[in-house]
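Enquirer: Starting from the given sequences, assemble the full structure and let the hints guide the process.
Chains as they are written, first to last, in the numbering used here: chain V, 1 to 747; chain Z, 1 to 177.
It cannot be assumed that every hint is accurate.
[Unchecked claim] Listed below are the simulated DSS-like cross-link pairs for lysine-lysine, each with C-alpha atoms no more than 27 Å apart in a straight line: (1) Lys583(V) x Lys604(V); (2) Lys743(V) x Lys444(V); (3) Lys124(Z) x Lys554(V); (4) Lys137(Z) x Lys70(V); (5) Lys400(V) x Lys141(V); (6) Lys699(V) x Lys444(V); (7) Lys108(V) x Lys699(V); (8) Lys322(V) x Lys10(Z); (9) Lys535(V) x Lys107(V); (10) Lys558(V) x Lys10(Z); (11) Lys137(Z) x Lys559(V); (12) Lys46(V) x Lys10(Z); (13) Lys522(V) x Lys535(V); (14) Lys113(V) x Lys700(V).
Bear in mind the hints are in silico, worked out from the structure with no lab data behind them.
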Amino acid sequence: MGTSRRKFIKISALGFGGVAVAASSMESLGINSYLEGLALENSLEKLRQTATYCEVCFWKCAGWVHSDSKGTIHKIIGNDIDPHCNGRLCPRGTGGVGMYSDNDRLKKPLVRKVVNGEETFVETSWDEALTLIATKMKGIKEKYGAESMGLLKHGSPGSHFEHLFKAYGSDSIAEPAYAQCRGPREAGFALTFGSWVGSPEPTDIRDTKCLVLIGSHIGENMHNTQVQEMSDAIDNGATIIAVDPRLSTAASKSQHWLAIKPSTDIALLLAWMNVIINEGLYDKDYVEKYTLGFEELKDHVQQYTPEWAYGVTTIKPEEIRKTARIMAAAAPSTIIHPGRHVTWYGDDTQRARAMAILNGLLGSWGRRGGFYFKEKISIPKFPHPPYPTPKWGWKEIGEKYPFAEMGITNELIKASLPSADNVHPIKAWLVAGTNLNNSIPNKKLLEEAIDALEFMVVVDTMPMEITGYADVVLPECTYLERYDGIRSATNREPSIALRMPAVEPRFNSKPAWWIAKQLGEKLGLHDYFKYEDYKEVIAWQLEQMGTSLEEMEKIGVKKFPRTSGPMYLQEGQDYEFYTSSGKIEFYSEDLESQGFDPMPKYTKHPEPAPGYYRLNYGRSPMHTFSRTVNNPNLNDLKSENDLWVNPRVARILDLKKGQYVWLENQDGVQSSFPIRVRVTERIRWDSVYMVHGFGHNNKKLGRAHGKGASDTQLISQVAIDPIMGGTGMRGNFVKILKENPFKTVEV
Amino acid sequence: MRYAMVIDTKKCVGCSDCVVACQTENNVPIGYCRDWITERVEGAYPNLELELRSERCNHCENAPCVRCCPTGASHIIDGGIVLVTPDECIGCGACIESCPYDARYQHPEGYVDKCTFCHHRLEKGQLPACVSVCPTKCMYFGDLDNPNSEVSQLLKERKHKTLAPEAGTKPQVYYLI
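Expert: Right, here's the structure in full:
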């Protein structure tokens with residue numbers, strides 16, 4: 001970690017040119033350092049502050065973009081009143097300026113053409129590119145129906161295309177944020193409490209007395225207020241219990257690090273329930289008043305003793321009992337954190353259920369220091385005609401998975417494969433803001449599906465790998481250069497945030513709303529896009545909400561009072577949960593009726609064969625997925641990932657710190673690029689670990705190309721969650737190759 | 001007035017926000033930095049201690065970089081802040097060699113550069129950029145001459161250390177441990 005302070009990589013575009021002149025004038029102010037003078041000059045020249053909310057990750061922190069009269073962005077600072085960041089952006093938000101200044105950005109619309117017998121991208125005009133897309137979309141609609149046009153999306157641009165697709169007649173929409181990320185916890189918590197966890201998570205960390213993290217590495221995932229509140233909790237003397245096969249940053253802050261054998265978390269959760277129930281440590285009044293199925297649960301967990309769990313998890317029985325008592329003593333101010341990226345082993349919804357049930361036993365849902373009742377304010381819909389009703393959509397595509405509450409990317413991808421019995425055929429994709437190659441496991445399936453498509457459009461700011469497969473590539477401008485939908489997310493109190501352009505779009509890039517509107521116009525959907533500038537939509541919505549664009553430009557963020565009642569359950573309060581029974585469901589008849597286990601069970605998962613190590617992956621705080629690796633500011637902080645290897649393993653394989661190795665998984669898939677070995681005690685000997693998102697193979701990503709290995713590439717075994725369709729990705733095993741397997745070919 | 005920085009290693013997650021905030025605040029060219037993250041692991045799995053900390057110029061009371069500077073470019077101003085005047089710096093690198101913390105680097109423009117405690121911000125009553133941005137609020141800044149300041153209180157109440165105390169430089173960046 002850290003920057004080499006000697007290595008010259010690239011001088012920033014920020015000008016040093018005219019500074020010498022300014023320096024002398026600074027001396028009159030008593031400034032004796034010329035660089036000080038420069039910095040002071042920057043602050044004296046009344047930098048313009050423009051409201052935005054960040055798009056480097058999904059947390060969407062609101063901030064102020066400081067730019068000068070020449071249109072140079074100097075810095076981005078958090079908005080003090082924003083509940084997502086409290087005035088403090090994370091490194092990615094602070095380095096968001098690099099997303100704008102990256103010269104590797106997509107610059108002009110590109111169309112795939114055959115030139116001299118070879119397929120290549122040719123620059124084209126916006127009008128030509130959009131006309132081509134609209135023509136193809138019309139063709140798909142006539143030939144197969146609008147439903148056969150699929151949208152794969154992420155983040156703010158996705159919502160504009162979602163509107164376009166619904167107006168066009170397709171609801172075949174999915175995003176990796178569900179089936180590759182948080183879907184199982186949403187399903188598991190919804191089945192138990194009748195409520196999604198959602199984002200930001202309604203975990204009352206700042207007031208908690210005991211935070212239990214199951215493989216969730218807050219601090220490496222830089223979900224801003226989660227990290228801030230974990231720090232507050234440390235200040236307040238809260239106990240942290242971290243369950244992780246790796247000494248994560250969070251585990252290093254914990255009082256109790258349970259170095260669990262990977263894939264056995266449910267066994268530990270069940271043993272904790274066993275102790276808490278059998279020792280009478282659960283919240284009896286809460287369980288009596290609000291829950292359903294306690295007696296069944298009690299019977300069910302008798303088999304899962306700490307002694308049994310010891311043999312499964314490698315966690316000692318006394319350690320299991322001790323931690324169970326600690327979390328019960330702190331209850332209800334105890335949080336069994338739902339985690340975020342939870343698609344691990346295929347029984348992930350059941351693991352989320354076990355976590356939810358444990359929270360229920362401790363009475364932490366709806367309690368201070370546990371989970372608060374979240375609230376958001378709804379943004380008025382800008383008037384447009386009703387959407388047509390598609391014959392089928394994401395729900396039907398994913399119908400095998402009864403508890404999926406969003407589109408399942410992997411099912412939409414499968415529906416794109418030619419097959420006679422496919423009743424929901426997808427024939428073309430629009431991909432917006434998501435690099436599928438580095439988010440969807442099972443590369444072979446993805447490539448087969450892409451091959452079968454009749455047409456594919458990719459909208460992105462960067463030449464991510466997925467753009468290389470497109471027929472048309474559209475350059476979107478960054479969040480710093482555009483208006484976007486008003487941010488409204490669930491929190492302790494409702495709030496909204498404004499994003500407006502701080503600078504003009506660079507190159508020939510355009511905002512997603514503009515692209516969607518142009519396509520809409522060309523498809524004869526004008527009535528859905530009755531505005532010239534998205535600013536008009538925002539201004540109208542803000543007025544409906546009792547504020548105005550002028551006010552929001554000045555304050556950036558506005559809070560609204562709660563209307564749904566208190567954040568926590570009141571003493572003895574009657575409360576109906578949004579489950580089928582109106583109770584917190586320890587025993588789920590909904591699951592049972594669909595043929596699933598009504599209460600979570602432990603299932604044994606595949607283990608590494610001799611010579612293989614489980615491939616674990618995670619986050620680094622300075623990057624978001626694969627999308628930020630080329631950002632000049634963030635690449636400067638971390639330009640490649642390392643392979644964490646336990647010293648015992650390093651000794652057996654004679655691996656040296658800093659040595660480059662290649663990886664080969666159980667199916668013979670080899671990493672395209674070498675990865676640097678990091679010998680560390682922080683990882684178990686049965687696993688290796690790397691940060692996700694590296695190993696880019698698009699040469700147009702000048703800084704990211706060929707740096708590090710891609711975990712996604714090595715994930716060819718996928719354990720599908722039968723409840724909601726999530727892709728369990730932690731059942732892949734790698735061996736370490738010291739010789740370059742591609743020696744004979746150019747790497 | 002004696003400026004000091006106090007950093008709580010119990011809270012730091014090593015995210016490098018301090019690094020990038022410093023770079024954008026002070027126009028530090030990409031590829032260089034005035035502050036950085038250090039990670040130290042002790043013990044054997046699973047009995048491990050991990051310390052993460054944000055490091056920078058220690059603004060030493062007994063600063064070897066100032067003593068060895070042949071031109072006087074390196075100097076100490078009120079509050080004990082060690083600064084470099086680029087116009088007076090000949091880039092000889094003696095200070096870089098003398099610093100036990102490896103806190104200085106040669107700027108591509110030819111002079112030596114390092115942390116200034118964001119002294120231009122202090123003049124406006126603002127905290128250093130790294131302190132003001134840190135999501136974990138693990139960094140504190142203030143006047144050690146004032147016994148009631150937050151930094152004085154923290155050093156009074158909490159166990160702490162400085163880096164390389166054996167160098168005798170009297171560093172003014174303190175780490176709560």
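Enquirer: Could you run down the list of hints and mark each one as holding or not?
Expert: For each hint, the structure was consulted:
For the proposed pair Lys583(V) and Lys604(V), the alpha carbon gap of about 31 Å is over 27 Å, so the pair is violated. At roughly 23 Å between alpha-carbon atoms, Lys743(V) and Lys444(V) fall within 27 Å of each other, so this suggested pair holds. Taken as a hint, the Lys124(Z) and Lys554(V) pair is honoured in the structure, with Cα atoms around 22 Å apart against an allowance of 27 Å. About 33 Å separates the Cα atoms of Lys137(Z) and Lys70(V), which puts this hinted pair outside 27 Å; it is violated.
Annotation: proposed proximity of Lys400(V) to Lys141(V) holds, straight-line Cα distance about 25 Å (limit 27 Å). Taking the CA atoms of Lys699(V) and Lys444(V), the gap is about 21 Å. The hint holds against a cut of 27 Å. Proposed proximity of Lys108(V) and Lys699(V) is supported: the alpha carbons are some 17 Å apart, at most 27 Å. Only pairs whose Cα atoms come within 27 Å are accepted, and Lys322(V) paired with Lys10(Z) is accepted, the gap being roughly 23 Å.
About 24 Å separates the Cα atoms of Lys535(V) and Lys107(V), which keeps this hinted pair within 27 Å; it holds. Taking the CA atoms of Lys558(V) and Lys10(Z), the gap is about 33 Å. The hint is violated against a cut of 27 Å. Taking the CA atoms of Lys137(Z) and Lys559(V), the gap is near 23 Å; set against the 27 Å cutoff, the hint holds. Between the alpha carbons of Lys46(V) and Lys10(Z) the distance comes to roughly 38 Å, so the proposed pair goes past 27 Å and is violated.
With a CA separation close to 21 Å, the supplied pair Lys522(V) and Lys535(V) stays within the 27 Å bound. For the hint pairing Lys113(V) with Lys700(V), the CA-to-CA distance comes to about 18 Å; that is within 27 Å, so the pair holds.
Checked against the numbered hints above, the structure breaks hints 1, 4, 10 and 12 and satisfies the rest.
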